[in-house]
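One line per chain: the protein sequences are A and B, in this order. Each position in the first sequence, counted from 1, maps to that position plus 49 in the numbering used here. Each position in the second sequence, counted from 1, maps to that position plus 1 in the numbering used here.
Derived from the structure by calculation, the hints contain no laboratory data. Note that the structure is predicted; figures quoted are calculated from it, not measured. The C-beta atom is built at its ideal place from N, Cα and C for all residues, glycine as well. Some clues are possibly wrong.
To be verified - Listed next, with one range per pair, are the computed distances between beta-carbon atoms: (1) B:R19 / A:D211: 53 to 59 Å; (2) A:I112 / B:V180: 36 to 42 Å; (3) B:V15 / A:G261: 23 to 29 Å; (4) B:R19 / A:K305: 53 to 59 Å; (5) A:H52 / B:N93: 31 to 37 Å; (6) A:G261 / B:I29: 54 to 60 Å.
Said to hold, decoys possible - No farther apart than 27 Å at their CA atoms in a straight line, the calculated lysine-lysine pairs in the DSSO-like style are these: (7) A:K101 / B:K27; (8) B:K265 / A:K137; (9) B:K265 / A:K331; (10) B:K265 / A:K256; (11) A:K267 / A:K318; (12) B:K27 / B:K265; (13) B:K139 / A:K137; (14) A:K268 / A:K281; (15) A:K330 / A:K293; (16) A:K110 / B:K265; (17) B:K265 / A:K101; (18) A:K154 / B:K265; (19) A:K110 / B:K260; (20) B:K8 / A:K64; (21) B:K27 / A:K110; (22) A:K226 / B:K260; (23) B:K27 / A:K64; (24) A:K331 / A:K285; (25) A:K301 / A:K331; (26) A:K226 / A:K267.
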Amino acid sequence: MIHVSQVIKYYNGLKALENVSFHVREGEIFGLLGPNGAGKTTLVGILTTEIKPTRGTARIKGIDVVNDPLAVKHLIGVVPQHRSLDRKLTARENMLVMARAYGVKNPRSRVEQLFSLVGLGDRAESGIREYSGGMLQKLLVARALIHDPAILFLDEPTLGLDPQARIAIWEEILRLKDEGKTMILTTHYMEEADRLCDRVAIMNQGKIVNEGTPENLKKEGITSSVVTFELKEVSKEVMDEIVKFEEVEEVKVIEKDFMELHVYTHYAKEIIPQIMEIILKKGLRVHGLHSREPTLEDVFINLTGGRLK
Amino acid sequence: MNPQRAKGSFNAAVAILRRDMYVFCKEIGGNLLRIIGEPLFFLFVFGVLLPNLNLFQAGYIEILVPGIISMSTMTGSMRGVAAGIGLSFEYNEEIRAHILTPISMRTLALEKVICGTFQGIVSGTIVLALALVIFPGKFSFSPLFYFELLLIFIASGLTFASLGLALGSSFIPETMFEVLFIIMMPMMFFGATFYPLSLLPEVHPAFFYLTLFIPLTYISEGIRAILTPQIAFLPAIYCFIGIGVYFLIFFSLGVWAFKRRAIK
Numbered sequence: 050m051i052h053v054s055q056v057i058k059y060y061n062g063l064k065a066l067e068n069v070s071f072h073v074r075e076g077e078i079f080g081l082l083g084p085n086g087a088g089k090t091t092l093v094g095i096l097t098t099e100i101k102p103t104r105g106t107a108r109i110k111g112i113d114v115v116n117d118p119l120a121v122k123h124l125i126g127v128v129p130q131h132r133s134l135d136r137k138l139t140a141r142e143n144m145l146v147m148a149r150a151y152g153v154k155n156p157r158s159r160v161e162q163l164f165s166l167v168g169l170g171d172r173a174e175s176g177i178r179e180y181s182g183g184m185l186q187k188l189l190v191a192r193a194l195i196h197d198p199a200i201l202f203l204d205e206p207t208l209g210l211d212p213q214a215r216i217a218i219w220e221e222i223l224r225l226k227d228e229g230k231t232m233i234l235t236t237h238y239m240e241e242a243d244r245l246c247d248r249v250a251i252m253n254q255g256k257i258v259n260e261g262t263p264e265n266l267k268k269e270g271i272t273s274s275v276v277t278f279e280l281k282e283v284s285k286e287v288m289d290e291i292v293k294f295e296e297v298e299e300v301k302v303i304e305k306d307f308m309e310l311h312v313y314t315h316y317a318k319e320i321i322p323q324i325m326e327i328i329l330k331k332g333l334r335v336h337g338l339h340s341r342e343p344t345l346e347d348v349f350i351n352l353t354g355g356r357l358k
Numbered sequence: 002m003n004p005q006r007a008k009g010s011f012n013a014a015v016a017i018l019r020r021d022m023y024v025f026c027k028e029i030g031g032n033l034l035r036i037i038g039e040p041l042f043f044l045f046v047f048g049v050l051l052p053n054l055n056l057f058q059a060g061y062i063e064i065l066v067p068g069i070i071s072m073s074t075m076t077g078s079m080r081g082v083a084a085g086i087g088l089s090f091e092y093n094e095e096i097r098a099h100i101l102t103p104i105s106m107r108t109l110a111l112e113k114v115i116c117g118t119f120q121g122i123v124s125g126t127i128v129l130a131l132a133l134v135i136f137p138g139k140f141s142f143s144p145l146f147y148f149e150l151l152l153i154f155i156a157s158g159l160t161f162a163s164l165g166l167a168l169g170s171s172f173i174p175e176t177m178f179e180v181l182f183i184i185m186m187p188m189m190f191f192g193a194t195f196y197p198l199s200l201l202p203e204v205h206p207a208f209f210y211l212t213l214f215i216p217l218t219y220i221s222e223g224i225r226a227i228l229t230p231q232i233a234f235l236p237a238i239y240c241f242i243g244i245g246v247y248f249l250i251f252f253s254l255g256v257w258a259f260k261r262r263a264i265k
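Using the sequences and the hints given, assemble the complete structure.
Have a look at this one:
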């Protein structure tokens, strides 16, 4: 459905994308996960014909995005990061302009249909300025669907939304997946990628550093569980003793409200009492203890050495 | 371009033009003030007040009115497009949604120019109507005159809206006031607006040649050729050729700048 091959993009001599290649299958949600500045929006911009690549090719349903942008625009719908809704028009007028621009037959009925689909029917006559963040995002989704495109690009669709609005958008995205839409979703929320995406490409500094299903990425990246001990302080002696256990793969200390001692192991149940004994012997107090499966964030930290912010 | 794509691009342009016209009509009060405020003051001071104080010779109104009309077609078309494009790229961002529709960037640029041209025509027509009311009997019209005036309003609108497109796509809104000032001031005062070109060659030959490089000169003289042929210097056909050359230059520049801004 979407093929990106060896795409490079320079902005004023600075490399924004470096040899990016991937493909997206029909009907799947493909996530581009990475911190701000990773190159996600640039990549989406190239696929939506708003940005020209310096080198490389990108094809949507076999159509080159540079050579035939008008044909591509008919195939895709875009929920952009920029809030490009027309503030001089009401929500309904915004939708009607787009419906006419895409040559939709019976634009008024299509607009009504989409308003009821995203639950904004009672606010259709309101001005854009009166909309909340969540409502604006829903309207952008409805606008992207105006010509019933086969492919949707969602660029940080839940950025800045409260949890309730975020869940509403997630539900909408999953409903669109059930309808058979192919989607490319950019996000820097791990949970979002984990919950929505069939496959994820992790981006950092303009490159794809790994790609796969969230489950496989977690398995490939870190095969163990993560046991976290929350302590007031951690001494080198304690860490040295913990590392000596054969069952322990790696130990990391992350400074938060407490010092968090992250122990990566396949044998959490067996190792926890022994580590507790070492900590208590050194006279340290444990303020919290929990064990969890690895997340995409652990995978990201493992791949890039940094956190997703 | 493939005919199907061309049709899609045309449909999108019509939809966006319809939107732009709707917004223009919705904000008609502010738009009229912007369009006719300045020419109205010029008409009043130079056309009514100063002649009544006997500071200007009789017959100055016939020289002044074509100049003020030409100026209003320029400001009406250029300012609206330059400010609209600049603000839309920088703040409102609705133009980003238009760029995503199945429209070619050249067609979208042309749509903005057509919208600006419309504003220039409205502006010129209103100032013409005001001049006819304020100075009754000074100008006589035939239906052919109206047709010729419409042609020259269209030519002026297309040219200066194209210049507005180039400026709006090249400068940020924060500097737009200064840019418009630098471009418009020489145009307003050296574009044969307040004096007829016919008097210059003998009095200020150097200034005469400078005036020939100002695009507004061809509009002012073109309108004079229609309204007051006795004081016009350039025949209407020369005016159309002159403004046509400027249109080609400004439109090419405008489309280039717009494409560069729209597609990174």
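Does K27 of chain B pair with K64 of chain A here, judged by a C-alpha cut-off of 27 Å?
Judged against 27 Å, a Cα distance of about 45 Å means the pair is violated.
Given the hint of 23 to 29 Å, check if V15 of chain B and G261 of chain A actually sit that far apart at their C-beta atoms.
At roughly 46 Å between Cβ atoms, G261 of chain A and V15 of chain B fall outside 23 to 29 Å, so the hint is violated.
Hey, K154 of chain A versus K265 of chain B, does the alpha-carbon distance stay inside 27 Å?
Between K154 of chain A and K265 of chain B the Cα gap is close to 32 Å, so the pair fails against 27 Å, i.e. violated.
Hint check: K331 of chain A vs K285 of chain A, CA-CA at most 27 Å. Holds or violated?
holds (11 Å)
Holds or violated: the 54 to 60 Å window for the beta-carbon distance between G261 of chain A and I29 of chain B?
holds (57 Å)
For the pair supplied as a hint, K8 of chain B and K64 of chain A, confirm whether the alpha-carbon distance does not exceed 27 Å.
violated (37 Å)
Does K265 of chain B lie within 27 Å of K110 of chain A when you go C-alpha to C-alpha?
Distance ~23 Å between K110 of chain A and K265 of chain B Cα, so the pair holds.
Between K101 of chain A and K27 of chain B, is the straight-line Cα distance small enough, at 27 Å or below?
The given pair, whose Cα atoms are some 36 Å apart, is violated under the 27 Å limit.
Does K101 of chain A lie within 27 Å of K265 of chain B when you go C-alpha to C-alpha?
Status holds; Cα separation ~6 Å.
When you check the alpha-carbon spacing of K226 of chain A and K267 of chain A, does it fall within 27 Å?
The given pair, whose Cα atoms are some 23 Å apart, holds under the 27 Å limit.
For the range 36 to 42 Å, tell me whether the beta carbons of I112 of chain A and V180 of chain B fit it or not.
holds (39 Å)
53 to 59 Å as the expected CB spacing between K305 of chain A and R19 of chain B, which holds or is violated:
The hinted range 53 to 59 Å holds for R19 of chain B and K305 of chain A, with Cβ atoms some 55 Å apart.
Violation of the numbered hints given earlier is confined to hints 1, 3, 7, 9, 12, 13, 14, 18, 20, 21, 22 and 23; the remaining hints are satisfied by the structure.
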